[in-house]
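2 protein chains.
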Amino acid sequence: MSLIDRLDECARFSPHTYRPFVIDGLQVGRVRHEFARMLRAYPDVFDCRDDAVGLAASLRTPESRTAAVAGVLEGLRDQGMFAGWRGEHYPVSESYYAAPLLTIERAAVPSFGTMGYGVHLNGFVRQSDGLHMWIGKRSMQKQTGPGKLDQMVAGGLPVGIAVRENLLKECGEEAGMSLQLARTAVPVGTVSYLTERKEGLRHDVLFNYDIALPPDFKPTPTDGEVDDFFLWPISDVLQRIRETEDFKFNAALVIIDFAVRHGVLTPDDPEYIVVTEAIRLGRFSATKVR
Amino acid sequence: MSLIDRLDECARFSPHTYRPFVIDGLQVGRVRHEFARMLRAYPDVFDCRDDAVGLAASLRTPESRTAAVAGVLEGLRDQGMFAGWRGEHYPVSESYYAAPLLTIERAAVPSFGTMGYGVHLNGFVRQSDGLHMWIGKRSMQKQTGPGKLDQMVAGGLPVGIAVRENLLKECGEEAGMSLQLARTAVPVGTVSYLTERKEGLRHDVLFNYDIALPPDFKPTPTDGEVDDFFLWPISDVLQRIRETEDFKFNAALVIIDFAVRHGVLTPDDPEYIVVTEAIRLGRFSATKVR
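For the record, the sequence lines run as chains Y and P. Heads up: the first sequence is residues 1 to 290, going by my numbering. Heads up: the second sequence is residues 1001 to 1290, going by my numbering.
The following block holds chain Y by itself, in its conformation from the complex:
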C-alpha cells in the first residue's frame, strides 16, 4: 500500500464509456452512454447524438437551459435517480471564472461529468515534536463518504459565493471557528482530479487553504456535518492514508499536497516525483469541439 494507491483513486477514468456533453461548441462534461440513451426520451431538452450530448437548439439562454434541464432532472429524481438531492445548484461553464452556460442540481453533476469546485482547509498546529493536523470524521448521515476522515473544514462551492467567503462561512459552521481566526487562512493552490465514483464522474478542482492554529484552539462540530475532530501527528495521518481507505478520496489528495509543500515528503522518497506530478491534472480546461 502506498500513496500511489490513493492517487490512483483520483484517476479512475475509462474514456470509452462516455460521450462529450457539449454546449455552445464547448465540451463542458462527459455523459455515460447509458445515461445518454436515457436522455433520448427528452428531445425538447437534450440533443442526443451518437458522438455527443447537447442541449436542444431552442434553449439559448442560461435561464431557459437551467429551467428545462431542472424539469427533466426532477422527473428522473422522482423515479429514484440522483441519491442525495441537495436543492443546491452548481454552475456549468467554460471555466470557474466564466459566466455559467446553465446551472444544475449538485447531485446530478457527476451524471453529466461537469466540473465541480470545492474549498478545503488544512488546519495544523506546530508543536515541539513536529506538525500536527486536525482531522474531521464525517457524519454517517452524509451522502458522499459517510464516516470517512476529512479535512477540518471542507465544502463544495455552489453558484454565487466567492471561494474565501464560502471558506469563512464553513469555518464557523463546521468547526465553530471565530471569523477573526478563520481570516488567518492562506490560499496555497489547487488539486484536481477526474475519476469515477459511485455517484458518477467527479471532475473537480479544490481550492486549498492552510491555517496555522494556536495550541489552545479546539474545533467544535456545530452543524452535524462532522461527528468528531482529532489532532494527529502528520506522520500518523500519512501512514493512515498509505495503509487504509479511512480518508475520503479527495481529502487524502489534499493532505498529500500539504505533505509535499511542508517538506514532510522529500525527494529521497522514490515515489516523490510521481506524487508531486499526480496532485493535479495539468493544463486542462473546457475544450472547443467546433
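Derived by calculation from the structure, the hints in this document are not laboratory data. A hint or two may mislead.
Stated by the list, open to error - Beta-carbon label-pair distances, calculated as ranges: (1) E1165/P - A212/Y: 27 to 33 Å; (2) A1162/P - R86/Y: 46 to 52 Å; (3) D1050/P - R126/Y: 55 to 61 Å; (4) H1033/P - P146/Y: 52 to 58 Å; (5) E271/Y - L1181/P: 27 to 33 Å; (6) K1137/P - V186/Y: 28 to 34 Å; (7) T1266/P - T61/Y: 30 to 36 Å; (8) H1033/P - W232/Y: 52 to 58 Å; (9) R1197/P - G84/Y: 47 to 53 Å; (10) H1033/P - D269/Y: 35 to 41 Å; (11) A98/Y - G1130/P: 38 to 44 Å; (12) G1176/P - D269/Y: 26 to 32 Å; (13) P146/Y - P1158/P: 49 to 55 Å.
Unchecked claim - Sample of chain Y residues lacking proximity to chain P, with all beta carbon distances greater than 12 Å (derived): (14) D78; (15) S139; (16) D246; (17) A259.
We treat Cβ as the ideally placed atom computed from N, Cα and C, and that holds for glycine.
For this one, chain Y is given, so just place chain P on it according to the hints.
For chain P alone, coordinates are given in the frame of chain Y:
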C-alpha cells in the same frame, strides 16, 4: 502580458518535429528528425528508423552505451555542435530513481530530449511589510540564460549526487551560505516542463526548496556563476515576471509556484486555476513502447 505568457514558454512543443528515442523498449526522449538523419552516419551506435531512434543492438550495458554514444557526441562537438560542452554527465533512465540505462554529456541532453533534473532554492525574508525574495543575476558568461534573473541558488543534478547534498554544496558555492543555515532549507515539491529552447528540447523536473532567511543574511557570489544578488518585495518580483522576460524561463516557473504556495496569488485571480494547473506536466513518465 501575464503569468500565462511565462507558463506558455514552458510548454512550447511541436510533437510532429520529433521521433521517439527508445532504449530497452522505453521511450526515454525525443529526437528532431534532422538530428535523427544525422545520426544515420553512425550505424554501429544508433539504430535510426523512420519512426524512432534507438541504440545498436550490440550495446547492451550502460557502460558500453555510454562509451559508444560519448564517442559520437565528441565527434559532433568537434564539428561545432553542442555549444557549451560541460564535461558533466546526466543519467538517462526510466525515472529519476531507476538505474541509468546510459549517461550522456549534459550539453547534448536537449538534442535527445531526455529528462534533466535540477534543484532550485527560493530564498525569502519575512519583513514587516511582507515577503521579500533574494534574486540572483546570472553571469554573462553562462551558456544558458546569460544575464537573466534566477533563484538565489539553482543548479542541474549530474549523475551520482543526491538532491539535498547537491543543494547544500550549491548554497555554499553560489551564495556563500554556511552549511548550518543551508540545512534549514525545506523541500516543497517539484515543477516540470517540456519545451523547445535554443539549445533543444528541455524536459526537466526541478526539485524546489524554500529557505526563510534571517534579515541580516546577505548572499555573496563566490564561484562566478552569479554576478549580483537583489532583495525585492515578492509583488515586484511577480510584476517583473508578468511584464518582462528578464527572468530565466524556469526560474519564473519556480517563483510562480512559490507565489501560489504562499498565498501571494489568490483564487480571486481569474488566471488562478490555469496557473496552478500549468506548474507541472502531470502524470508523465517514461512510456513503454513495446
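| message | Beyond 12 Å on every Cβ pair: is that true for D246/Y relative to chain P? | response | holds (25 Å)
| message | Between the beta carbons of E1165/P and A212/Y, is the distance compatible with 27 to 33 Å? | response | holds (30 Å)
| message | Given the hint of 28 to 34 Å, is the C-beta distance from K1137/P to V186/Y inside that range or not? | response | holds (30 Å)
| request: Look at the Cβ atoms of P146/Y and P1158/P and judge whether their distance stays inside 49 to 55 Å. | output: holds (52 Å)
| field | Supplied distance hint 26 to 32 Å, evaluated on CB atoms of G1176/P and D269/Y | value | Distance hint for G1176/P, D269/Y holds at roughly 30 Å.
| task | Given the range 55 to 61 Å, decide if the beta-carbon distance of D1050/P to R126/Y lies inside it. | result | holds (59 Å)
| said: The output says D78/Y does not contact chain P. Does that hold with a beta carbon cutoff of 12 Å? | reply: holds (36 Å)
| Minimum Cβ distance from A259/Y to chain P greater than 12 Å, as the annotation requires | Answer for A259/Y: violated, closest chain P Cβ roughly 10 Å.
| request: Indicate whether the distance between the beta carbons of A98/Y and G1130/P respects the range 38 to 44 Å. | output: violated (31 Å)
| query | Between E271/Y and L1181/P, does the beta-carbon spacing fit 27 to 33 Å? | reply | Distance hint for E271/Y, L1181/P holds at roughly 29 Å.
| Taking 47 to 53 Å as the hint, is the beta-carbon distance of R1197/P and G84/Y inside that range? | At roughly 50 Å between Cβ atoms, G84/Y and R1197/P fall inside 47 to 53 Å, so the hint holds.
| message | Assuming the hint says 52 to 58 Å, is it satisfied by the Cβ distance from H1033/P to W232/Y or not? | response | With Cβ atoms ~55 Å apart, the hint holds.
Hint compliance for this structure: hints 11 and 17 are broken, all remaining hints hold.
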